[in-house]
Structure formats: C-alpha cells, structure tokens
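Trainee: Sequence:
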Amino acid sequence: MQIGNRLFPYPVVNRNKALSDFKDNACYKLAFGYPDYPIKDDRHDLVLQDIYVELVDDTLTTYVENGLLQPMLVVESPESVFRQTYKLSLVPQTIYIPLDSLSGKVTVSSYLYATQNIADYRSLNFIDDFEGIDFDLNQYDIVGVDDGFSINIEHNDLADNVAESIFEVIRGKVTQKYLQYEASKGESKIYIYLPSDRFEEYSNVKHSRYFMNIFMGLIVIPVLVDIFNNIKEEFRGYTDITDVIESYPWFKSVVRAYNVVEKNKLSMEIFTGCGALEFAQTVFNNMNINAIQDATNMILKGGEIDGED
1 MQIGNRLFPY
11 PVVNRNKALS
21 DFKDNACYKL
31 AFGYPDYPIK
41 DDRHDLVLQD
51 IYVELVDDTL
61 TTYVENGLLQ
71 PMLVVESPES
81 VFRQTYKLSL
91 VPQTIYIPLD
101 SLSGKVTVSS
111 YLYATQNIAD
121 YRSLNFIDDF
131 EGIDFDLNQY
141 DIVGVDDGFS
151 INIEHNDLAD
161 NVAESIFEVI
171 RGKVTQKYLQ
181 YEASKGESKI
191 YIYLPSDRFE
201 EYSNVKHSRY
211 FMNIFMGLIV
221 IPVLVDIFNN
231 IKEEFRGYTD
241 ITDVIESYPW
251 FKSVVRAYNV
261 VEKNKLSMEI
271 FTGCGALEFA
281 QTVFNNMNIN
291 AIQDATNMIL
301 KGGEIDGED
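In terms of this note's numbering, the sequence shown has 124 at position 124, counting the first letter as 1, and numbering is strictly consecutive.
Derived from the structure by calculation, the hints contain no laboratory data. Incorrect hints may appear among the rest.
Listed below are the simulated BS3-like cross-link pairs for lysine-lysine, each with C-alpha atoms no more than 25 Å apart in a straight line [as the list claims (entries may be wrong)]:
| no. | residue 1 | residue 2 |
| --- | --- | --- |
| 1 | 252 | 185 |
| 2 | 173 | 185 |
| 3 | 189 | 265 |
| 4 | 189 | 177 |
| 5 | 185 | 87 |
Input sequences plus hints: build the corresponding full structure.
Mentor: Quick look at the structure:
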C-alpha cells in the first residue's frame, strides 16, 4: 500500500523527505539487519531477513512502545491478487512469504498507524508550519510512511510443467498397497496409481509449490527411472530419438525439458549413454535433491508459514 503524495490533515513523518512534515533529523523507514542482502535467497519463500522499523522521534517511539502506534508491513502482488499485512516492531524479525502466492511486480512498503484515538498529538520534530500545534488522531490514522521498494518475481515452472504434461496421478484400488504406474504405447501420459488413502493426502497438498519437490521426488523420479530403463532396452540399436516420441508421445516433453535445462538437443546417443537415474534428475532439474532442502525447511519452520491479516 504505497501512500505516494497523499495529503493528511496532520503531520506525517515520511521516508521521502520532500513529503515529510517532520524535520530532517526525524525518520520512519524500513530497515534490515543485513542491508546489503535484505531478501534472502529461498526457492519457496520471499524471505525478509531481520526486518524492522527505524524510527527516530522520541514522541513517536514512546507511542509505539506504549502500543498507541503500530508499524505495519504491506506486501502486495497485483498480478496474483495477493495482499498481506504483517506487524513490525523496532526489533528485527524475519518474515516468510510463500512464493507461490506472488507473481510479477511485488511491492514491499510500511506505514505507522494509531491503534486508538490519540489526543494532543505533538512532536518537537514537526516542521515550522506545525510547530506548537496539538492534533487529535483517530484510530487507524496513518502518521508514518515508507513506500518501500518493488521487486519482480518470476517462477521457474519447468519441472511443474513437465510433470503436468507427462503424468496423471490417479486413485488406485482400495486394496492397492504400493505405487503402480502404466506407460502404454500411444498414450499421451504416464498414469500413476496411488493407494486410496495416500491419494487423498496427495490431493490435499498437490497445488502447493512448497510440497512439489518432495512429492515429485517420491513419486516421479522412481517411476521415470524404471520407464527410462525399459525404453532403453526396447529401443536398443535405434539412432533417432523421434522413434521414441512416436511410440510414447509424452516423451516429447522430456526432450523439450532436456533442451531447456542442458541447452543442448537430446539425441538417442545422449539418452542411451546416460544413466536412467541421472537423466531423470536432469529432466526435473534435480527435484529429488531439492526435496531434501524442502523437507529440512519444513521441519525448521514447523511446517507453517507465519503471517497476519
């Protein structure tokens, strides 16, 4: 929620000095414990590391410490229709925002608002136009502004798209105990059958990017290894990769994924010369290895993403 040049009927301290009603020695701004690297690299979350409010004004600081004023963080992503607010303080904290909720331009800003009506609002840092004047603030009035910054979020959906174009996960029979698959000639997809209760659990979280690597590592890689070994045996002596595509149309997505990841055209020689496990990991951009990091992150965070409306 960027305030811009909006006018208020009372003094507001703004990080933009040209719009601030406070003297230059006062300030309200977002700050980070690691200012050179405020956004930590994380594949699943936008991580605002050690974020806090730097507030230089004795009156406003006292109000914050007494709970009369509350700093807020606003994260907005219009493209994904995401808007979330988080309480800030004068003490650093780390905030995690799920990347699958963000897309395109993401704005991070902050404001300071009154949690209740405040009478006789006055500061020694008011500019001359307001010096010596008392103001009455209403609850939710904004008295501090930092329009923050914007970043661009671009998702690498290669593995997701390949999985969607190759696989369809289906509920298996009630009596089924193990993962099973069907990869028949002429079929456009590989059909994976999960035991009924495991399918329910998979369905509940399959749309979460945070769980994608874990589930694909558990389900997709083992199936692909078996299938690739079978295809290698079936097409022993063949020299054209299009022969595989003609028999298994879904393999065209595998070829495209390999071209993107390796920046190289997949040939039959490359396919047959590479181990099935290594090739499966290549096509899915090391999804099973990344799953180790994802599982670790979930354990460290207790499987939850903190945030407040």
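Trainee: So, for every hint listed, does it hold in this structure?
Mentor: Verification of the hints:
1. 252 with 185: It holds: about 13 Å lies between the C-alpha atoms, which stays within 25 Å.
2. 173 with 185: holds (23 Å)
3. 189 with 265: holds (22 Å)
4. 189 with 177: holds (23 Å)
5. 185 with 87: violated (56 Å)
Of the numbered hints stated above, the single one contradicted by the structure is hint 5.
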